[in-house]
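Colleague: Whenever a hint applies, use it, and build me the whole structure from the sequences.
Just so you know, the sequences run in chain order A and B. When you line the first sequence up against the numbering used here, it's residues 1 to 302, in that order. When you line the second sequence up against the numbering used here, it's residues 1 to 196, in that order.
None of these hints come from the bench; they were simulated from the model. For every residue, glycine included, the Cβ atom is placed at its ideal position computed from N, Cα and C. Please note: incorrect hints may appear among the correct ones.
[Said to hold, decoys possible] Straight-line C-alpha distance at most 20 Å; calculated EDC-like pairs for lysine to aspartate or glutamate:
#, chain 1, residue 1, chain 2, residue 2
1, B, K167, A, D74
2, A, K200, A, D88
3, A, K91, A, E163
4, A, K86, A, D161
5, A, K278, B, D101
6, A, K276, B, D108
7, A, K278, B, D108
8, A, K277, B, D44
9, A, K276, B, E107
10, A, K278, B, E107
11, A, K277, B, D108
12, B, K167, A, D77
13, A, K200, A, D108
14, A, K276, B, D101
15, A, K267, B, E111
16, A, K267, B, D101
17, A, K299, B, E111
18, A, K267, B, D108
19, A, K234, A, D107
20, A, K100, A, D148
21, A, K140, A, D108
22, A, K144, A, D88
[To be verified] Label pairs and their in silico Cβ distance ranges:
#, chain 1, residue 1, chain 2, residue 2, range
23, A, K86, B, G19, 37 to 45 Å
24, B, S24, A, E247, 30 to 38 Å
25, A, D233, B, A189, 57 to 65 Å
26, B, I126, A, P52, 44 to 52 Å
27, A, E247, B, D101, 18 to 26 Å
28, B, A61, A, G249, 48 to 56 Å
[Stated by the list, open to error] Far from chain B by the CB rule (all over 10 Å, computed), these chain A residues:
#, residue
29, K75
30, P256
31, Y293
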Amino acid sequence: MKYSLKDFDVTDEKLFLNRRQFIRAGVAAGLSLSAFPTLAALNFSANPNYQPNLKLTDSEHALNYNNFYELGTDKSDPPRYAHLLKTDNWKVRVEGLCAKPQIFDMDDLLKIEQEERVYRFRCVEGWSMVVPWIGFPLSKLLNKVQPDSSAKYVEFISILDRENLPGQKFNVLNWPYREGLRMDEAMHPLTLMATGLYGKELENQNGAPIRLVVPWKYGFKSAKSIVTIRLTDKMPTSSWMESAPSEYGFYSNVNPNVPHPRWSQAKERPLGSFFKKKTLIFNGYADDVAGLYKGMDLKQYY
Amino acid sequence: MSVSIRIVIFSFICALPAGYLVQSLLTGNLGANPAETLIHFTGDWTIYFLLLTLSISPIQALLKPKWPIPMHLIRRIFGLSAMAYAILHLSSYFTFDMVFDIQATIEDIYERPFILLGFVAFILLIPLTITSTQGWQRRLKKRWQQLHKLVYPITLFGIIHYIMLVKADLLLPLLYLSIFGLLMLAREAIKLKHRR
Chain A
1 MKYSLKDFDV TDEKLFLNRR QFIRAGVAAG LSLSAFPTLA ALNFSANPNY
51 QPNLKLTDSE HALNYNNFYE LGTDKSDPPR YAHLLKTDNW KVRVEGLCAK
101 PQIFDMDDLL KIEQEERVYR FRCVEGWSMV VPWIGFPLSK LLNKVQPDSS
151 AKYVEFISIL DRENLPGQKF NVLNWPYREG LRMDEAMHPL TLMATGLYGK
201 ELENQNGAPI RLVVPWKYGF KSAKSIVTIR LTDKMPTSSW MESAPSEYGF
251 YSNVNPNVPH PRWSQAKERP LGSFFKKKTL IFNGYADDVA GLYKGMDLKQ
301 YY
Chain B
1 MSVSIRIVIF SFICALPAGY LVQSLLTGNL GANPAETLIH FTGDWTIYFL
51 LLTLSISPIQ ALLKPKWPIP MHLIRRIFGL SAMAYAILHL SSYFTFDMVF
101 DIQATIEDIY ERPFILLGFV AFILLIPLTI TSTQGWQRRL KKRWQQLHKL
151 VYPITLFGII HYIMLVKADL LLPLLYLSIF GLLMLAREAI KLKHRR
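Modeller: The structure is reproduced here in structure tokens:
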């Protein structure tokens, strides 16, 4: 799997340096860093192990066709209301069954080496995309808090801001949005905490400033705009399990052989195209993750 | 302006959403999921036209407006428009979701209640479309009235079909359901008033 350097990488590097100088100048002038939340450019390198030979989805689609119910249920709501999501001074609390619970701010999280990975992304609704995420493996973050051996699950809690987020004015879901993974899923090298997309910081509609990406599961497992990560010994109940338990299970692995009660999952429609193509089991990551579910009935544990 | 010209203009207006869709299709403005846009847009307009059809009698009873063309023709054009958008809806589903696979379509109807309900609504629309002409109205006499009451279950099925499709965002389909409920209530109220 070869990776060829793209234009934006080079440009970004330069911009990054320029921005750094600008920020330093700003600090010197007595301005606070948080006044320039968008100036913190990402410093990342492409991880050659995760650059599959797939055609990237047009970034316009990934940026303008989003499910982010906190910003509204229509696909066009998230980019329209993205500005209402306040991301300055963002903190991620990692707590629960661990030796060193901590609160990380974005600077701490961006100090972890950022890498770019091209992943398939499959939505439970039957559409899909191929996008270059930037971020770091979740395991690197979890290792910092030293999980107890009793920690069996990880719960993710997204932002709660009823005053500003238009979607949270209605109880479409039981806010805040909650998701969960089993410990071994969370520690899997494919499981990513994403801070960027298409060479740039995450846009708000894509779950800024930091979100989860679990490429072998349906998209809704990949919680956006995360504020709390909790290690527990009990299986967390996700917002979707709570909303429609017969339709959304804890695992939600991409599986063409297990239909959603209301539609088939055998095929998917890549964004931008009219026709569907066959969906791969575990979204094409079976070689890496099938072992996690050895001996499990995936129809029962959907 | 003669009535027939007005009828042509009125029909043309009902076709505008479809025209907009074709224009978007040709200019590639259907968004990230163009097939879904086609299917949803045509489904939405089927429901809008069904609700418009149902709103004519209550509007007549409440406001007694001077219609630009005869009331029964407005209702007929709305009804036929609903059928036209339903055909576009079904054919875009058959083309892009089922890729012309008849067996897969039958399986889909069999396995998914919401597809079945939409399909039943479509089938029920067929006799109404065929008997929409004045000739049929004359031939069927009282039966015509009875037959065309099918528009109530058709609209209800269409809205439930939509409710069953969405994940959690029930706002729009429930809005349509309440409009439907209000229109039905209005009908009952008008009936009661006439009986007195």
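Colleague: If a hint holds in the structure, say so; if it doesn't, say that too.
Modeller: Hints and how they fare:
no., hint, verdict
1, B:K167 x A:D74, "holds (11 Å)"
2, A:K200 x A:D88, "holds (17 Å)"
3, A:K91 x A:E163, "holds (19 Å)"
4, A:K86 x A:D161, "holds (9 Å)"
5, A:K278 x B:D101, "holds (15 Å)"
6, A:K276 x B:D108, "holds (15 Å)"
7, A:K278 x B:D108, "holds (16 Å)"
8, A:K277 x B:D44, "violated (26 Å)"
9, A:K276 x B:E107, "holds (17 Å)"
10, A:K278 x B:E107, "holds (17 Å)"
11, A:K277 x B:D108, "holds (17 Å)"
12, B:K167 x A:D77, "holds (16 Å)"
13, A:K200 x A:D108, "holds (18 Å)"
14, A:K276 x B:D101, "holds (13 Å)"
15, A:K267 x B:E111, "holds (16 Å)"
16, A:K267 x B:D101, "holds (14 Å)"
17, A:K299 x B:E111, "holds (17 Å)"
18, A:K267 x B:D108, "holds (13 Å)"
19, A:K234 x A:D107, "violated (31 Å)"
20, A:K100 x A:D148, "holds (10 Å)"
21, A:K140 x A:D108, "holds (12 Å)"
22, A:K144 x A:D88, "violated (23 Å)"
23, A:K86 x B:G19: 37 to 45 Å, "holds (42 Å)"
24, B:S24 x A:E247: 30 to 38 Å, "holds (32 Å)"
25, A:D233 x B:A189: 57 to 65 Å, "holds (60 Å)"
26, B:I126 x A:P52: 44 to 52 Å, "holds (48 Å)"
27, A:E247 x B:D101: 18 to 26 Å, "holds (25 Å)"
28, B:A61 x A:G249: 48 to 56 Å, "holds (51 Å)"
29, K75, "violated (8 Å)"
30, P256, "holds (14 Å)"
31, Y293, "holds (25 Å)"
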